[in-house]
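Visitor: Sequence:
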Amino acid sequence: MDAGGSHGSRETHASPVPRPAVPPPAGPPPMPGRPPTAHRENDVAAWAHTKRAIPAPGIFGYAHTPRPPYDPNRVSNRQLLRGAVLSLIAAFVVWWVVVVKDVGPVWWIVFKIAPDSLQPTDTSFVFVSNTVYLVTAVLILALFKRSGRWGEIYRRFLKPLGEEMSTASTPVEGDDQQSPPTAWPRLRQAGQYEAAERLDAELRAGRMNDVDYARLTRAWEGIELRPDRTHAFVEAVRRHGAGACAHPSGSRDLPVRTARHDLVTRQVRIGAAPDQEKNPWAHRGAGIALDPGLLGTSLLLVGPPGSGKTRRIIRPVVEAMCLQALSGTACVVAVGSADADLGPNDSFDVVIALGDPESAYDLDLYGGAVDPDEAAACLAEALLPEGEVDSRRAQTALSQVIGPFHAAHGRYPAVSELRELLDGTPTALAMLREALDEAGAHGHQRELDARRRLHGRPDDVGPLLADRVALLTRPAFAGFFDVSGRGRPFSLRALEHPLRVRIALPARAHAEACRIIARLVLAQFAASVAARADRSLFTCLVLDDAAHAVSAQTVRDLQRLRSGNAGVVLGLRTLDDVPESLRTALLGAVGCQMALSGVTTWDGKRFAEAWGTTWVDESAVTRTPDRSGGALRRGLRLARKLVTGEAATTESITVRQVERERWSASELAHSVPPGHAVLSLTTASGEHVPPVLVNLLE
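The opening position of the sequence shown corresponds to residue 1 in the UniProt record's numbering, with each subsequent residue numbered one higher.
Honestly, the hints are just simulated from the structure, not real lab data. Ideal placement from N, C-alpha and C gives every residue a C-beta, glycine not left out. A few of these clues could be false.
[Said to hold, decoys possible] Using C-beta positions, here's what the derived DEER-type ranges look like:
| # | residue 1 | residue 2 | range |
| --- | --- | --- | --- |
| 1 | Arg556 | Arg82 | 54 to 60 Å |
| 2 | Ser671 | Arg67 | 20 to 26 Å |
| 3 | Ala552 | Val256 | 37 to 43 Å |
| 4 | Lys159 | Pro55 | 17 to 23 Å |
| 5 | Arg556 | Pro690 | 22 to 28 Å |
| 6 | Thr622 | Trp602 | 34 to 40 Å |
| 7 | Thr65 | Leu139 | 36 to 42 Å |
| 8 | Ala533 | Thr574 | 37 to 43 Å |
[As the list claims (entries may be wrong)] The calculated BS3-like cross-link candidates involving lysine-lysine, where the alpha carbons are at most 27 Å apart (straight line), are:
| # | residue 1 | residue 2 |
| --- | --- | --- |
| 9 | Lys51 | Lys159 |
| 10 | Lys159 | Lys145 |
| 11 | Lys605 | Lys278 |
Model the full structure from these sequences, guided by the hints.
Guide: Below, the structure written as structure tokens:
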């Protein structure tokens, strides 16, 4: 069955889907691994039915209990319990005083009410006395209930305890635990009882994992939009059970998971927010997670080496996107050095190891662009860093050679051919001119003439572009960027399908070439997202090291990705890796910013400016010498000063509201503990979350 376009051919251009980088094993898929929240073989059923609550963006919703609404007058648990105990003791003392036998005033009231003829042992006298005692007890309890806040004690401690005990004591039938309700009510509502029963049986038997559950749920959502595929879906479920509608790779889980994922909410947990005053009230003590709704506004994280940028943030995000690709809801491109810890190669469908002769895939230098001008624009962004030359001049120079070559040969020039044309080699230009004459493309002769006239002038960018292209013609890249069609080039145009792509760069030996490729992938990604016809899949590009990859066009592209259901994760060691003129614009273009422990004060200043200010209560303490009292008190204060060396003073406290930075540059640089980060969030719908201190180790 076609599960939402998850099956395809072996080609990698345009819409077809490439096959997995590692062939799937023969025979049926292996037993799915347990989700990270499961404890027993059939706990996926319990996981599927667990309640989820996300009261604010960024909170890990699985089994989360929201905090009560913020109350500025709310007292701490210790203070509340202390007040309740003291009020209870006071109530007992009052009871003892007013009711003590033969002494308390209650006895006087009893004797005044009861007739003189009654004896203390008479039934009527006992009834009157007990009634007076009851009324007295009610009055005492009412008197001390408010001061002791007993109602708050009940709501905060006793009521939740009673609910837990009631849930735990729910009777079950038989020896086994009672089966949860159906996980597929929408199938039953559509009349597909047989398919729902089969999937429920797979779920309870432990033959279905969280990826299967999310994938089949996604597949049925597509069926509801196209009812003509209902029969194919039901038949696939009947034949394959939990393995129906599988990903083209045949994988139903990742080989290794290092983070906690919840595929129902599409979240990955990255840490927990400590219960401290600087954190927003709803986030205190809660798990912090990222999801496509947040990553759709793009994420910028800055932290020095060793701060956990890759291991604690980037790899979990890549894992989450790979799991969602297996469930048919996302596609991901992870770019990093060959030794970057982005997960094993078995977790990806396409692995492009540039510089490795054994790489099964190649990178399309032109990104599958149909228009030569579009291909020239992407190359111009990649070849020339920001500030060296006007990108429009570079794009014009590239268009003057790429357009004619495409018209003459029906393909784009190889790297060596592009270098010769940009360098103005007479032989290469003459051969291209002859090819244009043979193809009858005389209109492109003017572009070649313009390129020839500019060659040799001081303002010609052709030689500079040729030098940049020469970085891609090193022996290590021999056989890569093939345009003959004999290789297996991968184009980012294939991101209309749930793909998992890993691009490994030889960063140590060819640092500048890797920067060019990173900029090229970023430019091609933005172009492919804009050209997508189907934007139902969330598409994510992860750059483990985005140093020198940001340009003015990149900042503009980041702002447009949100409408295309796509996002970018950019990792930087410092903001100094971004041109100074773009640092503020970059922080404004991304919706989520993260400063890890160890950032410099200069980087902290940029984050502090981006996060703005808030109103806080500031207390001012004024101390003045104590001159009150008579001679005796003044003498005692003088003796104290002689002994302790400190003069007696009086204090006056003034509280006022002032505007302060949410996190100052100094706090970000010196007060964020190791293993922590400060994260601000913005959803694709525009909802903002103030900066949250996150413990990445929890």
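Visitor: A separate judgement is required for each hint: does it hold in the structure or not?
Guide: Here is what the structure says about each hint:
Restraint check, Arg556 to Arg82: a C-beta distance of roughly 59 Å satisfies the suggested window 54 to 60 Å. Distance hint for Ser671 and Arg67: a CB-CB separation of about 24 Å, consistent with the stated range 20 to 26 Å. A hinted range of 37 to 43 Å for the beta carbons of Ala552 and Val256 is consistent with their spacing of about 39 Å. Distance hint for Lys159 and Pro55: a CB-CB separation of about 19 Å, consistent with the stated range 17 to 23 Å.
At about 27 Å, the CB distance of Arg556 to Pro690 agrees with the hint of 22 to 28 Å. The beta-carbon spacing between Thr622 and Trp602, approximately 36 Å, falls within the hinted interval of 34 to 40 Å. A beta carbon spacing of about 38 Å between Thr65 and Leu139 agrees with the range 36 to 42 Å that was offered as a hint. Remark: the range hint 37 to 43 Å for Ala533 to Thr574 is upheld by a beta-carbon distance near 39 Å.
For the hint linking Lys51 to Lys159, the alpha-carbon distance of about 19 Å falls within 27 Å, and the restraint holds. Of the supplied pair hints, the one linking Lys159 and Lys145 holds, its CA atoms being roughly 17 Å apart against a limit of 27 Å. With a CA separation close to 18 Å, the supplied pair Lys605 and Lys278 stays within the 27 Å bound.
When the structure is compared with the earlier hints, no violation turns up for any of them.
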